[in-house]
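2 protein chains.
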Amino acid sequence: MNFELTILGTGSASPQLDRNPSAFLVSLDTDLILIDCGEGTQYRLLEHKIKHNRIRHILISHLHGDHYFGLIGLLSSLNLSHRTEPLTLIGPPGLSEILSVQFEHSGTDIAFDIQFIETRPDEPTLILDHPRFTIETLPLAHRIPCNGYLIREKVSKRKIRKELLPENFPVPYIKQLVEGHDVTDDRTGEVFKVEHFTFPSLPARSFAYCSDTKYLPELVPLLHGVDLLYHEATFDDALEDRAAKTFHSTARQAAKIAASAKVGQLVIGHYSSRYKSLESHAAQAQSVFPATRLAEEGLVIPIGQIRP
Amino acid sequence: MNFELTILGTGSASPQLDRNPSAFLVSLDTDLILIDCGEGTQYRLLEHKIKHNRIRHILISHLHGDHYFGLIGLLSSLNLSHRTEPLTLIGPPGLSEILSVQFEHSGTDIAFDIQFIETRPDEPTLILDHPRFTIETLPLAHRIPCNGYLIREKVSKRKIRKELLPENFPVPYIKQLVEGHDVTDDRTGEVFKVEHFTFPSLPARSFAYCSDTKYLPELVPLLHGVDLLYHEATFDDALEDRAAKTFHSTARQAAKIAASAKVGQLVIGHYSSRYKSLESHAAQAQSVFPATRLAEEGLVIPIGQIRP
Numbered sequence: 001m002n003f004e005l006t007i008l009g010t011g012s013a014s015p016q017l018d019r020n021p022s023a024f025l026v027s028l029d030t031d032l033i034l035i036d037c038g039e040g041t042q043y044r045l046l047e048h049k050i051k052h053n054r055i056r057h058i059l060i061s062h063l064h065g066d067h068y069f070g071l072i073g074l075l076s077s078l079n080l081s082h083r084t085e086p087l088t089l090i091g092p093p094g095l096s097e098i099l100s101v102q103f104e105h106s107g108t109d110i111a112f113d114i115q116f117i118e119t120r121p122d123e124p125t126l127i128l129d130h131p132r133f134t135i136e137t138l139p140l141a142h143r144i145p146c147n148g149y150l151i152r153e154k155v156s157k158r159k160i161r162k163e164l165l166p167e168n169f170p171v172p173y174i175k176q177l178v179e180g181h182d183v184t185d186d187r188t189g190e191v192f193k194v195e196h197f198t199f200p201s202l203p204a205r206s207f208a209y210c211s212d213t214k215y216l217p218e219l220v221p222l223l224h225g226v227d228l229l230y231h232e233a234t235f236d237d238a239l240e241d242r243a244a245k246t247f248h249s250t251a252r253q254a255a256k257i258a259a260s261a262k263v264g265q266l267v268i269g270h271y272s273s274r275y276k277s278l279e280s281h282a283a284q285a286q287s288v289f290p291a292t293r294l295a296e297e298g299l300v301i302p303i304g305q306i307r308p
Numbered sequence: 001m002n003f004e005l006t007i008l009g010t011g012s013a014s015p016q017l018d019r020n021p022s023a024f025l026v027s028l029d030t031d032l033i034l035i036d037c038g039e040g041t042q043y044r045l046l047e048h049k050i051k052h053n054r055i056r057h058i059l060i061s062h063l064h065g066d067h068y069f070g071l072i073g074l075l076s077s078l079n080l081s082h083r084t085e086p087l088t089l090i091g092p093p094g095l096s097e098i099l100s101v102q103f104e105h106s107g108t109d110i111a112f113d114i115q116f117i118e119t120r121p122d123e124p125t126l127i128l129d130h131p132r133f134t135i136e137t138l139p140l141a142h143r144i145p146c147n148g149y150l151i152r153e154k155v156s157k158r159k160i161r162k163e164l165l166p167e168n169f170p171v172p173y174i175k176q177l178v179e180g181h182d183v184t185d186d187r188t189g190e191v192f193k194v195e196h197f198t199f200p201s202l203p204a205r206s207f208a209y210c211s212d213t214k215y216l217p218e219l220v221p222l223l224h225g226v227d228l229l230y231h232e233a234t235f236d237d238a239l240e241d242r243a244a245k246t247f248h249s250t251a252r253q254a255a256k257i258a259a260s261a262k263v264g265q266l267v268i269g270h271y272s273s274r275y276k277s278l279e280s281h282a283a284q285a286q287s288v289f290p291a292t293r294l295a296e297e298g299l300v301i302p303i304g305q306i307r308p
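In order, the protein sequence lines correspond to chains A and B.
Here our numbering is used: the first residue of the first sequence is 1, the next is one more, and so on.
Here our numbering is used: the first residue of the second sequence is 1, the next is one more, and so on.
The hints are simulated quantities; they were obtained by calculation from the structure and are not laboratory data.
Predicted model only: the values in this text are computed from it and were never measured.
Incorrect hints may have been included.
Note that the list lumps identical chains together, so a pair holds whenever it fits in one copy or between two copies.
Here are the simulated lysine to any residue pairs, SDA-like style, with alpha carbons at most 25 Å apart [to be verified]:
no., residue 1, residue 2
1, K262, D113
2, K49, R274
3, K276, N53
4, K276, I50
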């Protein structure tokens, strides 16, 4: 299954011409999950030729404008384009009221089904259990209620080695093997061992999204071993005090979280508009966690091992 | 006094990469009036290097998203940039609620003064009487309450011809002449005629903004003689039925209004995304009203006669 991250916005609250506000696409097979939706996100989708009808889930981390001001426009455009596919919208308390007030005053009837799931930003929750993946919330510490998201593939099934099985081997037995149970043939008493008759399942991959938050070591156990971590890095070392004061993180702090949680790869973004160059961000983070990448507009990063 | 229109958006509801949603700047001397504020307008201001702190008035025509989804982002950015100048915001019922719900959930305290003036979209109203100009609302006929705006310079004073006056001519007498009254000198009985001792005042200039509306001949008397009329022209002749059904206008209908109202110049915009070329819009409008221009992104048009 295809599993990758596309970065649509690397900026923070102050508008910048060369950096868009937060928006991230996770593609899982043919479906897309959009995480955060700053102003103009629908135009980024057009630029990258991404069909917005493929978006089945939208997750909003918190109600600062650089993370959600583009949502009302995107939903209105989905409606204008005669969408029929349902949409799951996950976000904090208040989001539903913000949208419904605007739909009401604009006389908009949304013709597709929106399932709204309200987060409880202060506790980690399994918020969505999809046949192919789960979405958990990650409590963050920001100036207003805010949570990150952790998307995990479900463990894939073992792959059967058909060529080793007898002909007309019963389908229920195949199912048992694929699910990891040894089989004893009722008719013959013969035992078929999982290890012999199947290939092992591939490890489930995972992506975690942490924006916006102050440096928060409590995240480490929740992030343990994720394949790809996006963590905000609004500031560099020189502005560590300002990071603490505004409930943001530095690039080094993001890297510390990544190192302690033993993640596979870290990508940092949400850069303050004061930084024209990001060399200090890169150097400071990589000195702590070498597998750090800088987020760039339009960058696509595979999550975990690439699968056929 | 400088008086000109800058066009920041020529598109309509469906998002288009080469046309932005509605936003128009009227500059009056050093102050700016922003009319409508579609998604991304604050980025257009950055692109055109327009200092958003010069915006003193924002006028919203109606609550369809392509006319106001950028407002919350612009106001938030004004606040982030430590604005202190007060702002007058004029818009339809509902706008104030939409903004306050979002300020509340984002924990935003707007630190500058916003004076909100609610329009009554169904009747023409003198909504703002400024020392240098007036703003009137123009009732339009759209699917939801909607009004246009008419901005008129105040009549400028007559210019005194000092070189013709006797020395030590009393200041109160000068004031009378400038205001258009003949003067009789109390001391000598001499009469000073306005026509001889002053140059005539320049005619007051005016700009009218009509978007979105169906073809509405009732506008003609309200628009009589304005120097520049912006009128929406979502469709061309071939889609006149669709225009009527969706409460929009064709280019030809906009031109009919302009011709009947004897305006100085017409500019049309708010183009449906289906039109790649605008040749039919231009040809059909100009066949009725030759002084028609097509709106283009970034186009600047002087309003009325240019003044020193």
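Query raised in the report: Is it within, between, both or neither when you check K49 against R274 at 25 Å Cα-Cα?
Result: between (30 Å within a copy, 18 Å between copies)
Query raised in the report: From the Cα coordinates, with 25 Å as the cut-off, is the pair K262 and D113 best called within, between, both, or neither?
Result: neither (39 Å within a copy, 49 Å between copies)
Query raised in the report: Between copies, within a copy, both or neither: which fits K276 and N53 at Cα up to 25 Å?
Result: Result: close only across copies, 23 Å inter versus 35 Å intra.
**Report entry** Intra- versus inter-copy proximity for I50 and K276 (alpha-carbon distance at most 25 Å)
**Finding:** Intra 28 Å, inter 21 Å, cutoff 25 Å: inter-copy only.
Hint 1 alone, counting from the list given before, is not met by this structure.
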